[in-house]
Amino acid sequence: MSSPATNQISVKLVLLGEAAVGKSSLVLRFVSNDFEENKEPTIGAAFLTQRCTIGDKYIKFEIWDTAGQERFANLTPLYYRNAQAALVVYDITKPASFIKARHWVKELHEQASKNIIIALVGNKYDLTLDSETGEEIEGSRKVSLEEGQNLAEEENLLFFESSAKTGYNVNEMFTTIGEKIPEAIAKKDNTRDQSGGNRIDLNAPAENDIHDSSCSC
Amino acid sequence: MAERRPSGINSRRPSVIPYLAGIEKPVLPSIPSQCDVLICGTGLVESILAAALAWQGSRVLHVDANPYYGDTCATLTIEQIKAWCASVNDGSSGFQGFSKAMLHIPYPHRLNSRDYGIDLSPRVLFAKSDLLSLLINSRVYRYLEFQSLSNFHTFENDTFGKMLSTKEEIFTDQSMTLASKRQLMKMMKFVLEYDLPENKEELETHMHEPFTDYVSNRFHLSSQQINELCYALGLAPKPDISTIQGLSRVRRYLVSFNIYGNFPTLYSKYGGPGEISQGFCRSAAVAGATYKLDCALKSFDPDTKTATFEDGSKVKISEKVVCSPSQAPEGSRNVPERNYEITRLITIVEKSCKEWFAEGESAALVVFPPKSLPSNNQFPVQSIIMGSGTGCCPKDQCVWYLSTIEQGERGRRDLESALKKMEESILRESEDGGFDVELTESDVAVQANGGISVINSVKLGKSFKGFVPKEKLTYLLKLMFTQYTSVAPFGVVSNAVFEKAEENDHPGNGPDLKVIYSSMPSTEISYDGVVTEARLLYSKIVGSDDDFFDVDFEDDEDYEHGPSSESAIVDDAEEFQPEMAFEL
Chain A
1 MSSPATNQIS
11 VKLVLLGEAA
21 VGKSSLVLRF
31 VSNDFEENKE
41 PTIGAAFLTQ
51 RCTIGDKYIK
61 FEIWDTAGQE
71 RFANLTPLYY
81 RNAQAALVVY
91 DITKPASFIK
101 ARHWVKELHE
111 QASKNIIIAL
121 VGNKYDLTLD
131 SETGEEIEGS
141 RKVSLEEGQN
151 LAEEENLLFF
161 ESSAKTGYNV
171 NEMFTTIGEK
181 IPEAIAKKDN
191 TRDQSGGNRI
201 DLNAPAENDI
211 HDSSCSC
Chain B
1 MAERRPSGIN
11 SRRPSVIPYL
21 AGIEKPVLPS
31 IPSQCDVLIC
41 GTGLVESILA
51 AALAWQGSRV
61 LHVDANPYYG
71 DTCATLTIEQ
81 IKAWCASVND
91 GSSGFQGFSK
101 AMLHIPYPHR
111 LNSRDYGIDL
121 SPRVLFAKSD
131 LLSLLINSRV
141 YRYLEFQSLS
151 NFHTFENDTF
161 GKMLSTKEEI
171 FTDQSMTLAS
181 KRQLMKMMKF
191 VLEYDLPENK
201 EELETHMHEP
211 FTDYVSNRFH
221 LSSQQINELC
231 YALGLAPKPD
241 ISTIQGLSRV
251 RRYLVSFNIY
261 GNFPTLYSKY
271 GGPGEISQGF
281 CRSAAVAGAT
291 YKLDCALKSF
301 DPDTKTATFE
311 DGSKVKISEK
321 VVCSPSQAPE
331 GSRNVPERNY
341 EITRLITIVE
351 KSCKEWFAEG
361 ESAALVVFPP
371 KSLPSNNQFP
381 VQSIIMGSGT
391 GCCPKDQCVW
401 YLSTIEQGER
411 GRRDLESALK
421 KMEESILRES
431 EDGGFDVELT
441 ESDVAVQANG
451 GISVINSVKL
461 GKSFKGFVPK
471 EKLTYLLKLM
481 FTQYTSVAPF
491 GVVSNAVFEK
501 AEENDHPGNG
511 PDLKVIYSSM
521 PSTEISYDGV
531 VTEARLLYSK
541 IVGSDDDFFD
551 VDFEDDEDYE
561 HGPSSESAIV
571 DDAEEFQPEM
581 AFEL
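First to last, the sequence lines map onto chains A and B. Heads up: the first sequence begins at 1 in this note's numbering, then just goes up one per residue. Heads up: the second sequence begins at 1 in this note's numbering, then just goes up one per residue.
To be clear, the hints were calculated from the coordinates, so they are not data collected in a lab. Glycine included, C-beta positions come from ideal geometry on N, C-alpha and C. Misleading hints may appear alongside valid ones.
[As the list claims (entries may be wrong)] Examples of chain B residues toward chain A, derived with CB under 10 angstroms:
{"#": "1", "residue": "Y68"}
{"#": "2", "residue": "T75"}
{"#": "3", "residue": "C85"}
{"#": "4", "residue": "A86"}
{"#": "5", "residue": "S87"}
{"#": "6", "residue": "R114"}
{"#": "7", "residue": "A127"}
{"#": "8", "residue": "E145"}
{"#": "9", "residue": "G279"}
{"#": "10", "residue": "R282"}
{"#": "11", "residue": "A287"}
{"#": "12", "residue": "Y291"}
{"#": "13", "residue": "K292"}
{"#": "14", "residue": "C295"}
{"#": "15", "residue": "E361"}
{"#": "16", "residue": "G389"}
Just chain B, with the same shape it has in the complex (with noise of 0.2 angstroms):
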């Protein structure tokens, strides 16, 4: 019985070789053949989910119906990427909540696949925000690289501007009147303030108003500047949003700055959602839930709590199966109907758009308002931009993410309009990186087009119009999908969406009764509304949310920036910021 023997090694002292969690558990020959929960899908909401149930002590069992972690939010190489598309234009069982793949890759192709990190559906991260509270807390954030955005970039009358958000800026930008910057300045202010008291009844006779004729009405802000407020800083993916939804969106990004520093956003290095919810799957399996990828649920039979993968093993279920529209049993009755359209186009580009960021930095934010592009686009379209520096990509490229949640064809369209616009202008900006060699021969090039002498022309901010590029840009990927949501712009996360699944019991109606299915993506590009997803399907298992993440780590010896120092980051969105107050 020489196999059975465990270790052999802590016969004689086995003080000196302590249980520790997650290192080492036995051989099991097969999955488990009961769990509390299982999990089906490893996008991020339900990797947190796995994590926060796995560390309050149920046995989960979290499986994928995909080779690789992330789900419908995978962080994915070039490999991955063609058999993604394929699967999805096939229809394939595992990939329903995506649709119309297209891939281009010009040959002869020059991608060597593990070079790069594409997700497919990217996000930023405010430095005051739930998920961020959740990384620290779960400690999560130790296996990941946090960097730094600062610039988010507005489209408007044929020119790329920076909204200026901070008191300097305002104060120092020469292009604006006194009169004016007193007014954006008594907006900023009123943003932070907006729910105080003294501001209750203004805010309750204007909030279900437009937001864009509230602030136009009440601070005479210019149409440029409503639009920096609206789509730039607060993100908006639609025209018609509501004062109250516009104040907080504002507010989110005023009160997460000066958190890590002088920038509003972070991002992390080596992918985005795909690389966070790694990050829980491993946090979940220290804890001791099992994982198993390439195993995609056959059925759920609600009587004998029994699920069946397609390779034919089962498990028993004392508690719930939460699952994934993205990886919901072929014949599925009862997957939530996702009603909500985002359109998606990425790009690998041969540069490095290093004009495009700050200082030191290797990402930005691009976004169109309605109505800034040729094709009349009713909806912003809004583009993260992302440099090899962090680490998505090789050197001197850069990848686009543009998505709209326009519909069809008309979305697609807007999508290329925004890419056109990008290409015009990452092209002049860095026509000017050869500066000091090419200074004569750009001069006479540019200036044959309309006299406008060279070094005004090539500053970020002009107008394209008459810009002529010497060069083409070179795309070295486009990939071009549709995703499914059933969360609504702007909404969070509903219980009823989850309840549906509920509900039904009629027996024997579809291979999924009683399923508890997660949402998709929502159309976000911020990680807002994730953790709230997580803690509504939590407390759906559990019975509340009380004990969310509830964990007492023990720290280790070395940990330099103890809990005090937490204190500065308060997950509670209302705290108040007072180093924040925009004075005059």
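Just chain A, same shape as in the assembly (with noise of 0.2 angstroms):
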């Protein structure tokens, strides 16, 4: 924690997909191989932290994760409320999961605020790979890489197929949300009114008042 919080961007993020399409591997993967020894996430944390320096940026990505209660409930208008960005995951070698990925992306344009980064993100790609020679085993993927692009094209998304399992992308789609960030951000959501910005930390007590400025909230 060297480095001044002075430009320090938070980003909240919130993963969706079909269950099993590899979206704690994905984050994992992310979060460990930056990670020094501890592998081991915070257990019971709201959600899980990364930092990352992005050219002269420093982010620090709020991941949140459905905690499972998309399973049979709707996600909380909470779970939505400011997310910067998200990761629609699916499995290339499941059509369901893909499914699955449009209706999420139908959601998040009803439910997140209009400037939301949304990558969508066909997972398990090492699935498709031949261990040995590396070349594609015939019939193993279900999804077309032109079918994911198609419907990033559509509906303005970035798009990367990756492998949580070796790690392939993992990182460029991190990089590449964060690149995006800060125009977002400049292009606030108009919708409700965000001013009034008098934010109270509530595990700052008046006493301490430290009034992080930084805070992009």
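With the hints as a guide, bring the two chains together.
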């Protein structure tokens, strides 16, 4: 934590996608790779955090998982609130998960703020390759690259195929999102008044009077 | 068997992909067939309970009959409000506990449903309170945003005033004599010290007499000051409070000052209890609780310990079933009586109402003490004003929440009467908005009406008498309804409420035998009592509340303000804040 907090940007990133497509694995790959020895994520943490430096920007990702609430319930409005980025993940070997991804993109357009950056991620790229030869295993891929690209183009999403297992494209997707962020912050969502910004940090009583002006919220 | 493959990724390097609570559990074809505790209704009390139980290790199934979170204290969009009213009025199950909802949205309406978050039971959070401590200990505050609320206005003799509540304000006030300043300071000092040993005798002699008599006799305060103490600072919902109740409520206000800054209360942005409920639900889910909406309890059989839902699914319960009265199964017989009424009036107005807010803030409270309104109200009317900065409505609009414990038609009349006064006030206040431009015009208009100079007449706190507004206030939505609760005003939930269902052991008597009911949101407009109720329910299930949210959360690596700074917010209500002492 030697870095100065002055140009740090907090980014709330939410994860969406069918169960078992590798949402957590992607995040853990991203978070663990850059972590030192302690690979254990904080159990019971409100969300996972990961810092990274992109160019001259210092970005702190606050990564929210669904905590299973999407299974029989809607996610709470709280989940989408002020999310600046989302990963919509599917499994390129499971067509049903791609259909579900369309649903989540629609949900994001309805629930989340207008300027949210959405990345569509076709995960488990490693399953389509032969581990010996590195060549594509015939018939293993069920969602073509073009299908993913088309959806991303239609809906104006970032698009990646990735493998949490090998780390393929994992850092790239977070970095690309990070690069896009400041533009989005500049164009704030206007549907609800964002002013009146006297946000109180409940964990910082007045005696200490630490007001972190770098907080982007 | 490719489908069964568990992500397939951790076969080679399991250490890189450690277990993370709450992330990506395997898909279940249906809700679990077994759980320890079933909770029906995602209101605030039930959500705190769910999170506390989940973190303690219980397997919790938390359902709600509605398609949204929050139940009786939900934060709703306009479309959800419409549906809610229809359900209340046709008496559908799932909406017991409310009646006579009247909704008026003038046409053509310009309301974009999702731009609004309307609370069914709005509340403000004292900076020093048990819920605030719990929000910090549970880390739930990290899901939410809090903002300050400083202005507590009192309506009296047709004027709005703001209570002088800090030493500085009292000292600098021009309208008070030195003697009355001394008395007010003495009173404030006693409020902070009434439980010290040297005041024991004094307190015991007077604690059961009416608070208003006591402060009048002992400190010779004016009736206006007494009203401000009792109804604004103390937020008393009824006139006949005892000295001990009055003292403790005024103290609640005073000790909340200067904890986070120069204000006593906060509120959560985007919605009150509805938003905080969602935070606790998420916390419960992270700890492993299962959530299902649109899922109504049909019956519980205590012999087989099986709960059946309206969709026919069943779950075996090893411990208890807790249910909000609003979600009691049809034909239920064991719902505790709800003898207390709250009448609520919610309006959205086309005005920013910034005149009522302290600088940089977006919300305020206005209280109308008993007998201050033309309707000759017997009970106070309390109102919470939420401007667009609260995230509850769009720019240049404002949500007003009025409530009283007066019953039936009288209650509705009192609220309409208070609404009219608020309308007059805001029209008058906001007319000086275009002061520079319209000076001559308003000057003429007001002077013609009694020769009062325009500069004085528009100030907050002056009488409305003779004021004729040039414009009308536009109401974008108006909603009135009655809510019932089993919590007496001032009462804290009593264990007896929960015992009722337990004691009833006539087999086959209703579909809700042995179901423990919570008690519907109380009449209190602060969050006080909410944690107490959740703790009581917790003890009923676990046996004691010793380990209520006793979770050793590992702190994030970037946890800037560590637990050491938390000690400033002590959840012990008796803790005395020395810096708050009012010295003469």
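Next on the checklist: Tell me the numbers of any earlier hints that the structure contravenes, in ascending order.
Outcome noted: 3, 4 and 5
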